[in-house]
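2 protein chains.
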Amino acid sequence: MMTEAKNEQLERMRHSVAHIMAEAVQSLFPGAKFGIGPTIEHGFYYDFELSRALTPDDLPVIEDKMREIIAQDASFVRDEISRDEARTLFSDQPYKLELVDEIPDASLVVYKQGSFTDLCRGPHLASAGEARAFKLTHVAGAYWRGDEKRPMLQRIYGVAFESQEELEEHLSRQAEAARRDHRKLGKELDLFSVHEEIGPGLICWHPKGAVIREIIEDFWRVEHRRRGYDIVYTPHIAKLDLWKTSGHWEFYRDYLYSPMEIEGQEYMLRPMNCLGHILIYKSRLRSYRSLPLRYAELGTVYRYERTGVLYGLARVRGFTQDDAHIFCRPDQVEGELVGVLNLVLFMMASLGFKEYKVFLSTRPDKYAGTAQMWEEATECLKRALERLTLPYAVDPGEGVFYGPKIDVKLEDALGHEWQGPTIQVDFNLPQRFDVCYIGEDGSDHTAVMIHRTVLGAMERLLACLTEHYGGAFPVWLSPVQAVIIPIADRHVGYAQEIAGEFRSEGIRVLVDDRSERMNLKIREAQLDKVPYMLIVGDKEMGSASASLRLRSGEDLGLEGLADVKNRIKVAAEARA
Amino acid sequence: MMTEAKNEQLERMRHSVAHIMAEAVQSLFPGAKFGIGPTIEHGFYYDFELSRALTPDDLPVIEDKMREIIAQDASFVRDEISRDEARTLFSDQPYKLELVDEIPDASLVVYKQGSFTDLCRGPHLASAGEARAFKLTHVAGAYWRGDEKRPMLQRIYGVAFESQEELEEHLSRQAEAARRDHRKLGKELDLFSVHEEIGPGLICWHPKGAVIREIIEDFWRVEHRRRGYDIVYTPHIAKLDLWKTSGHWEFYRDYLYSPMEIEGQEYMLRPMNCLGHILIYKSRLRSYRSLPLRYAELGTVYRYERTGVLYGLARVRGFTQDDAHIFCRPDQVEGELVGVLNLVLFMMASLGFKEYKVFLSTRPDKYAGTAQMWEEATECLKRALERLTLPYAVDPGEGVFYGPKIDVKLEDALGHEWQGPTIQVDFNLPQRFDVCYIGEDGSDHTAVMIHRTVLGAMERLLACLTEHYGGAFPVWLSPVQAVIIPIADRHVGYAQEIAGEFRSEGIRVLVDDRSERMNLKIREAQLDKVPYMLIVGDKEMGSASASLRLRSGEDLGLEGLADVKNRIKVAAEARA
Numbered sequence: 255m256m257t258e259a260k261n262e263q264l265e266r267m268r269h270s271v272a273h274i275m276a277e278a279v280q281s282l283f284p285g286a287k288f289g290i291g292p293t294i295e296h297g298f299y300y301d302f303e304l305s306r307a308l309t310p311d312d313l314p315v316i317e318d319k320m321r322e323i324i325a326q327d328a329s330f331v332r333d334e335i336s337r338d339e340a341r342t343l344f345s346d347q348p349y350k351l352e353l354v355d356e357i358p359d360a361s362l363v364v365y366k367q368g369s370f371t372d373l374c375r376g377p378h379l380a381s382a383g384e385a386r387a388f389k390l391t392h393v394a395g396a397y398w399r400g401d402e403k404r405p406m407l408q409r410i411y412g413v414a415f416e417s418q419e420e421l422e423e424h425l426s427r428q429a430e431a432a433r434r435d436h437r438k439l440g441k442e443l444d445l446f447s448v449h450e451e452i453g454p455g456l457i458c459w460h461p462k463g464a465v466i467r468e469i470i471e472d473f474w475r476v477e478h479r480r481r482g483y484d485i486v487y488t489p490h491i492a493k494l495d496l497w498k499t500s501g502h503w504e505f506y507r508d509y510l511y512s513p514m515e516i517e518g519q520e521y522m523l524r525p526m527n528c529l530g531h532i533l534i535y536k537s538r539l540r541s542y543r544s545l546p547l548r549y550a551e552l553g554t555v556y557r558y559e560r561t562g563v564l565y566g567l568a569r570v571r572g573f574t575q576d577d578a579h580i581f582c583r584p585d586q587v588e589g590e591l592v593g594v595l596n597l598v599l600f601m602m603a604s605l606g607f608k609e610y611k612v613f614l615s616t617r618p619d620k621y622a623g624t625a626q627m628w629e630e631a632t633e634c635l636k637r638a639l640e641r642l643t644l645p646y647a648v649d650p651g652e653g654v655f656y657g658p659k660i661d662v663k664l665e666d667a668l669g670h671e672w673q674g675p676t677i678q679v680d681f682n683l684p685q686r687f688d689v690c691y692i693g694e695d696g697s698d699h700t701a702v703m704i705h706r707t708v709l710g711a712m713e714r715l716l717a718c719l720t721e722h723y724g725g726a727f728p729v730w731l732s733p734v735q736a737v738i739i740p741i742a743d744r745h746v747g748y749a750q751e752i753a754g755e756f757r758s759e760g761i762r763v764l765v766d767d768r769s770e771r772m773n774l775k776i777r778e779a780q781l782d783k784v785p786y787m788l789i790v791g792d793k794e795m796g797s798a799s800a801s802l803r804l805r806s807g808e809d810l811g812l813e814g815l816a817d818v819k820n821r822i823k824v825a826a827e828a829r830a
Numbered sequence: 255m256m257t258e259a260k261n262e263q264l265e266r267m268r269h270s271v272a273h274i275m276a277e278a279v280q281s282l283f284p285g286a287k288f289g290i291g292p293t294i295e296h297g298f299y300y301d302f303e304l305s306r307a308l309t310p311d312d313l314p315v316i317e318d319k320m321r322e323i324i325a326q327d328a329s330f331v332r333d334e335i336s337r338d339e340a341r342t343l344f345s346d347q348p349y350k351l352e353l354v355d356e357i358p359d360a361s362l363v364v365y366k367q368g369s370f371t372d373l374c375r376g377p378h379l380a381s382a383g384e385a386r387a388f389k390l391t392h393v394a395g396a397y398w399r400g401d402e403k404r405p406m407l408q409r410i411y412g413v414a415f416e417s418q419e420e421l422e423e424h425l426s427r428q429a430e431a432a433r434r435d436h437r438k439l440g441k442e443l444d445l446f447s448v449h450e451e452i453g454p455g456l457i458c459w460h461p462k463g464a465v466i467r468e469i470i471e472d473f474w475r476v477e478h479r480r481r482g483y484d485i486v487y488t489p490h491i492a493k494l495d496l497w498k499t500s501g502h503w504e505f506y507r508d509y510l511y512s513p514m515e516i517e518g519q520e521y522m523l524r525p526m527n528c529l530g531h532i533l534i535y536k537s538r539l540r541s542y543r544s545l546p547l548r549y550a551e552l553g554t555v556y557r558y559e560r561t562g563v564l565y566g567l568a569r570v571r572g573f574t575q576d577d578a579h580i581f582c583r584p585d586q587v588e589g590e591l592v593g594v595l596n597l598v599l600f601m602m603a604s605l606g607f608k609e610y611k612v613f614l615s616t617r618p619d620k621y622a623g624t625a626q627m628w629e630e631a632t633e634c635l636k637r638a639l640e641r642l643t644l645p646y647a648v649d650p651g652e653g654v655f656y657g658p659k660i661d662v663k664l665e666d667a668l669g670h671e672w673q674g675p676t677i678q679v680d681f682n683l684p685q686r687f688d689v690c691y692i693g694e695d696g697s698d699h700t701a702v703m704i705h706r707t708v709l710g711a712m713e714r715l716l717a718c719l720t721e722h723y724g725g726a727f728p729v730w731l732s733p734v735q736a737v738i739i740p741i742a743d744r745h746v747g748y749a750q751e752i753a754g755e756f757r758s759e760g761i762r763v764l765v766d767d768r769s770e771r772m773n774l775k776i777r778e779a780q781l782d783k784v785p786y787m788l789i790v791g792d793k794e795m796g797s798a799s800a801s802l803r804l805r806s807g808e809d810l811g812l813e814g815l816a817d818v819k820n821r822i823k824v825a826a827e828a829r830a
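Each protein sequence line maps, in turn, to chains A and B. Take 255 as the starting number for the first sequence in this note's numbering and just add one per residue. Take 255 as the starting number for the second sequence in this note's numbering and just add one per residue.
Any given hint could turn out to be false.
A pair holds if it fits inside one copy or across any two, identical chains being indistinguishable in the list.
As the list claims (entries may be wrong) - Think about it this way: if two alpha-carbon atoms lie no more than 25 Å apart in a straight line, the pair counts; the simulated BS3-like pairs of lysine-lysine are: (1) Lys441 / Lys536; (2) Lys783 / Lys536; (3) Lys536 / Lys438; (4) Lys536 / Lys462; (5) Lys608 / Lys775; (6) Lys403 / Lys287; (7) Lys389 / Lys611; (8) Lys663 / Lys608; (9) Lys775 / Lys319; (10) Lys389 / Lys287; (11) Lys438 / Lys663; (12) Lys441 / Lys783; (13) Lys620 / Lys663; (14) Lys403 / Lys389; (15) Lys462 / Lys319; (16) Lys287 / Lys636.
In case anyone wonders, no lab produced these hints; they're calculated from the structure. Keep in mind that this is a model prediction, so the values were computed, not measured.
So here's chain A without its partners, still in its complex pose:
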């Protein structure tokens, strides 16, 4: 555990290394204009306007210059100067001047080390010699002040740690994360693509990605029916008026697509699946005896996100939620929430996620309904969490506009957090849409709605699974579970025979009958992260067996076909 003090010291060091990098750039690129250079997670960056575009080859040169500066061990000197003095000091630095003019204080703080002076509140190290292990990692373009109408500067990113060991550990973790990046693996394993012609953030699921999705969706459907959910399908568009009645237009507008017109009437792509479910509920009178009703839908929704924040499958403009809405009586809410949480835990375990964090998000600034409704709903969520003795943290003000919620963040194998399941209690939409049931007393009562998704979104889930498993999906999810590799042409028939038998028992198997060398085929199957490779030649044909290899490279030797088949089926059924 990092202590508060150690953390502060590290922040200070990273910020000082940013200044040292700026000094190095100033000396290597005379005439450089400086933007800002804050610390970020694990390190820092600094933005520059330079006479030429930087290449990765520039980074070691800048690093060398930084090491020179550190060896000279100049002190960081704090000074307070007047605005006029600052304007003179930064007279050839237009970005700094802009900042100077925006600081309301009478005197401004600057820090100087060696030949470099920066407008900066500090704090800093005593001297450059105190800088420890660092590395410049990459260069990217960044608009001045994040505004695409302002000039594009060059941003150099770096990381810094107290020791070389910590730096190296971080870099190797980063390298592993890059190897597992779902955007990279998604391409290599042929799982999905995004096309500029269709539009950013809109996903095409390729056959192999679609196999994984279909397996999870089938599993999801069976599990939901088993737990008393009904599955429905509702349209992706609806009249704009419906979204006005619901409050989405008012509270959620920044994420909505512009309306389209049909016969003079405005329609909108749905950002959520709830309204169709409400209308199905309302298509009949419902008695207190018929509740709870649980409508589930693998529903694709469309939400606007700025191009800049889109990220592979993890942040997109169209995604399929494993959505459901539970309509129940107030006395059933807590029990339903416990049921949903149990389903969440079951699903996460089935998918192989052992670590997660639970957050309870409370009332945001913009909200619908009354404070008392929010209070009641929040208490219900808390009691359900406590009944399952699930530890949780409160995320104040992070609820959606219509109710408080529980968010579960999954942790993948590298410790990254992913937004996963969400459970929201809603006392609001039932009022807006007059969602009622006939009580035991014969009169109308307003129902409670629970919105929930136990996987989050199919797109983000695939991203998360890909990175969690580094593309080596568990057997039950592997698009191809086994590749059969005949050693010579005369073994192709035997390979096809095995494939036919395995397929008839639901195993996803391919025969690699290309006229390529066996070692190349094995290597390609390993790159494709296929769990099992069955190599078959004369010996195997003669003994109704196969030489079995795993994607790890492990060679299990000769194994009877029945045993191989059983091994694969057991692994798939165990979802291991």
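Fit chain B to the known structure of chain A by using the hints.
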């Protein structure tokens, strides 16, 4: 078989009955203004502007007056008059005057019988007494000339036949069709709904409808994978530019929704699934050896249809196509078409359709590509049909803009035709999108695309199945396959036990444990068209059996539980 001559005579009679109805209306509603009165399938209609709205009670009164006119047996007299004479004759008939002014001929033909004269080319019966069996069926509003900006007239519909027997047979067929109407059964069986709040033509699938859809979709997926298809998912929207490149914007505009805007870029809801599949194909280099590639998607598309033509599930604005696109070499086209036709025949047989008609649609007026491309594609389709010795008719000019097609029209149990499977060869989109493969010669060749759907649309299919089976779906498709009805409270435990055991073997079963009378429960299960009812009391509990009833009302008596279970499973597996 109705002969040509008999048909002409019947047409003449129906047209004359329309005139007789107009004469009756003239005499019952003085001051009536007359629109037009053509024959239609089975009968005729006539449009009137009347001083008050008609009710169903008016029809027998008009029929009585018609019978009086027929009894008087006035002759139909043809006359030719000048335009001026016609203008005088119809001076108080504004709609007739409008028609008079539009006829280019110098002299106009009128027909007179009794007190009624109509602008009409004939031919007619010799006299009113030759009219045979007729019946007025209903009244509906109809805009003059179908133009919603013109006045709304009242249209009286009638049917007429040569004999009372034929009339009665027709009426009873109509009554049966009304009983089977999927809009009526859809509501009674709780299969789907359409909501004004969401918008016309946009379908909400209720749990029971969704069960049917899911079963068919699962079946479809298994069957497609077995036949070498890959399943994909692609977005419901794409940049408008993509639809311009494809030609859809140019050729298909009347059916497209208005664009929406995202970050200054226009996007459109997809009317077809093809473009996503093309981009997946193009995401890698494809070799001649890797073809054919068959991408299938249960893809929801949105197409504009006028409100007036929307009809339940049969004609909608958003529907899910069981779509696929086959990318292949020219030498593979015919084989692929044969494969698709075999799949079509298999699917239709599985769903219980025995009758169908096959149409080959050729080049329309608006078309993309060259006439030679169309010629080649059309020949390929013909050869495939001939290889399967499928009889077909040519539908000239009914191809889609990008290629010729085969349409299969299903005939339901009542002889109604439904648009079903479609197979289109496309030599055009591959050129527009440069869809290539690397040939054996190492150079680029343009691939051929086949668009096909073997079910048509999930929405229309449910409509068709509902009417075909009159809501009594075969066991494998029944949302609820069995209802268990305990005779008294003490039998509920036994009923639940059976339900649990049946469910664990995949049978969809409910226990009706309401405190209602047994006969009511049986009647309701029959109305819900549940295939099997298991009634359980003391006798059944004592012998591990159930009293089995079918939805037909047939009582099969006591049957052991294992036999009941087996009976249901065998029926479901046989898809019978």
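> So which of those numbered hints doesn't the model satisfy?
Replying inline: 5, 7, 9, 14, 15, 16
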